[in-house]
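Chain residues, written in single-letter form:
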Amino acid sequence: MSSGIYIATAGAVAQSNALDATANNIANAATTGFHGDRVTFREALSAARSPDVATVGAGTTRIDGQAGALQGTENPLDLALEGDGYFGVATPGGPRYTRAGNFQLDDTRALVTADGFHVRGEGGAAITIPPEAKVVAVAADGTVSADGEPVGKLELVRFAPGAVQRQGGTLFAATGRPQPGDPPKVRSGMLEASNVNVVRGVVDLVKVSRTYESLMRVIQGYHDIESRAARELGTPK
Amino acid sequence: MFRSLATAASGMEAQQTKLDVTANNIANVSTNGFKKARAEFADLMYQTMRPAGAPTGNGANAPSGTEIGLGTRLVTTSRELGQGELHQTGNPLDVAIEGHGFLPITLPSGETAYTRNGALQVNAEGRLVTADGYSIAGDITIPPEAQAVSIAADGTISASVPGDTQPVQLGKLQIATFANPAGLAAQGSTLFRETSASGAAVLGTPGDGGAGAIRQGMLEVSNVNVVEEMIDLISGQRAYEINSRVIKAADEMLGQTAQLR
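Top line first, the protein sequences correspond to chains A and B.
If you count by my numbering, then the first sequence holds residues 1 to 237, one letter each, in order.
If you count by my numbering, then the second sequence holds residues 1001 to 1261, one letter each, in order.
In isolation and in its complexed conformation, chain A is listed as follows (with noise of 0.2 Å):
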């Protein structure tokens, strides 16, 4: 058997994780502080059984971290971070960390996410508002203020690109220690919205699907030389 069949089989599964990859960056076109992933492909050497065929490896995605538009929604709980970085979140399985800051109280004032996970203050503490407060403000560096008296302040951390994990629900786990350098600004009533560029989006559909189809073209030329050879090669005279 050649071993083309095999290089054009890896081609395809690669470009059907990038499909995969794109179906999520554009199912996520509306979710606020979500980055999309870039799928990037790297080859595969398999020079132990010819140093002249390379194959394609099954894709590797990395974090788009460029910053969404930031929206204006003038809800003073909707936070969005400018510049590299993340919320703190204290969830049931340790702290995870967001770019989504649209925050909200629960039932004792406390400040959580969306999801109703408490948003962690600097040293891990949740933010709660007392009842009586009437103007509830964040300052550009975390400091959550009722009625002009600091309450909290936000923690804000960064992590080198590769030291965070997508858990799902728009938030990251650290699998790295976090960052020094400045923190991210924060931004009252303004959201991040996706990252995603559905126009790229779109474009990456249209290259990936006719990549395959390239590829499956690939799969049946071979296919068909095979079965040439077989009938041909293969009649005794």
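The hints are simulated quantities; they were obtained by calculation from the structure and are not laboratory data.
Model, not experiment: these values are computed from the prediction.
Treat the hints with care, as some may be off.
To list a few chain B residues with every Cβ distance to chain A over 12 Å, as calculated [unchecked claim]:
1. Ser-1030
2. Val-1129
3. Ser-1189
Heads up, simulated DSSO-like pairs for lysine-lysine below, C-alpha to C-alpha not over 27 Å straight-line [what the hints assert, rightly or not]:
4. A:Lys-153 to A:Lys-185
5. A:Lys-207 to A:Lys-185
6. B:Lys-1172 to A:Lys-207
7. A:Lys-134 to B:Lys-1172
8. A:Lys-185 to A:Lys-134
Facing chain B, from chain A, some residues (calculated, C-beta under 10 Å) [said to hold, decoys possible]:
9. Gln-15
10. Ser-16
11. Asn-24
12. Thr-31
13. Gly-33
14. Asp-37
15. Thr-40
16. Asp-106
17. Gly-176
18. Val-198
19. Glu-213
20. Met-216
The beta-carbon is built from N, C-alpha and C at its ideal position, and this holds for glycine as well.
Guided by the hints, dock chain B onto chain A, whose structure is given.
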């Protein structure tokens, strides 16, 4: 089969929900005391095919992993409780709440509901009721001979009665505030019900503490902004369309695979 089929389906479902929420907001653009809702989404779980930092051989580690997302889900339809514009009506029984809080209403079942629609009226028994006929908590009655009803910022209702030189106090409106008003359950007819997420209602004097003040002769209109809703409508419809393209692309790719042989 491709994960993308289910992923794109979750995206279409999400956009459909967004459209439903937007449609309800637009339908209630002229409903007094209406608070618009906003659909919030989050991404689903990720299938980690190779974690970041996994060894790639030769002592090197992968700087980024392979994580394929599986779509989106609706997290909440959060209610935006921002103040709607106050419109002057001149009707002495129209009241608007300027600030936080709700008017408590007694439903015929005896339960209490809360509203910000202050278009009040007097029913056949002289009782102060909402436009739907539910009485305002506290059973405030306005006698038929009462003239020049005035409602103060602190909720005190008074009227001048023939034969009395001093205005007579008829009752007092109260304002209910909640720890988490976004957690209230919408009942329709601009009524809300207390839930465990909202916390218990705290009754207070209008204008005191966190409670809003009463403005007589005014109504709070819907806080829906039509331009914003139209933009949501357009973006939702297009996102739906593009998600359906993903399904089409996945279908074509599967078709090509099926034709191999």
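Hints, one by one, checked against the model:
{"no.": "1", "hint": "Ser-1030", "verdict": "holds, 20 Å"}
{"no.": "2", "hint": "Val-1129", "verdict": "holds, 30 Å"}
{"no.": "3", "hint": "Ser-1189", "verdict": "holds, 24 Å"}
{"no.": "4", "hint": "A:Lys-153 to A:Lys-185", "verdict": "holds, 12 Å"}
{"no.": "5", "hint": "A:Lys-207 to A:Lys-185", "verdict": "violated, 37 Å"}
{"no.": "6", "hint": "B:Lys-1172 to A:Lys-207", "verdict": "violated, 68 Å"}
{"no.": "7", "hint": "A:Lys-134 to B:Lys-1172", "verdict": "holds, 22 Å"}
{"no.": "8", "hint": "A:Lys-185 to A:Lys-134", "verdict": "holds, 24 Å"}
{"no.": "9", "hint": "Gln-15", "verdict": "holds, 8 Å"}
{"no.": "10", "hint": "Ser-16", "verdict": "holds, 6 Å"}
{"no.": "11", "hint": "Asn-24", "verdict": "holds, 3 Å"}
{"no.": "12", "hint": "Thr-31", "verdict": "holds, 4 Å"}
{"no.": "13", "hint": "Gly-33", "verdict": "holds, 9 Å"}
{"no.": "14", "hint": "Asp-37", "verdict": "holds, 7 Å"}
{"no.": "15", "hint": "Thr-40", "verdict": "holds, 8 Å"}
{"no.": "16", "hint": "Asp-106", "verdict": "holds, 6 Å"}
{"no.": "17", "hint": "Gly-176", "verdict": "holds, 8 Å"}
{"no.": "18", "hint": "Val-198", "verdict": "holds, 5 Å"}
{"no.": "19", "hint": "Glu-213", "verdict": "holds, 6 Å"}
{"no.": "20", "hint": "Met-216", "verdict": "holds, 4 Å"}
Of the hints listed earlier, those the structure fails to meet are numbers 5, 6, in rising order.
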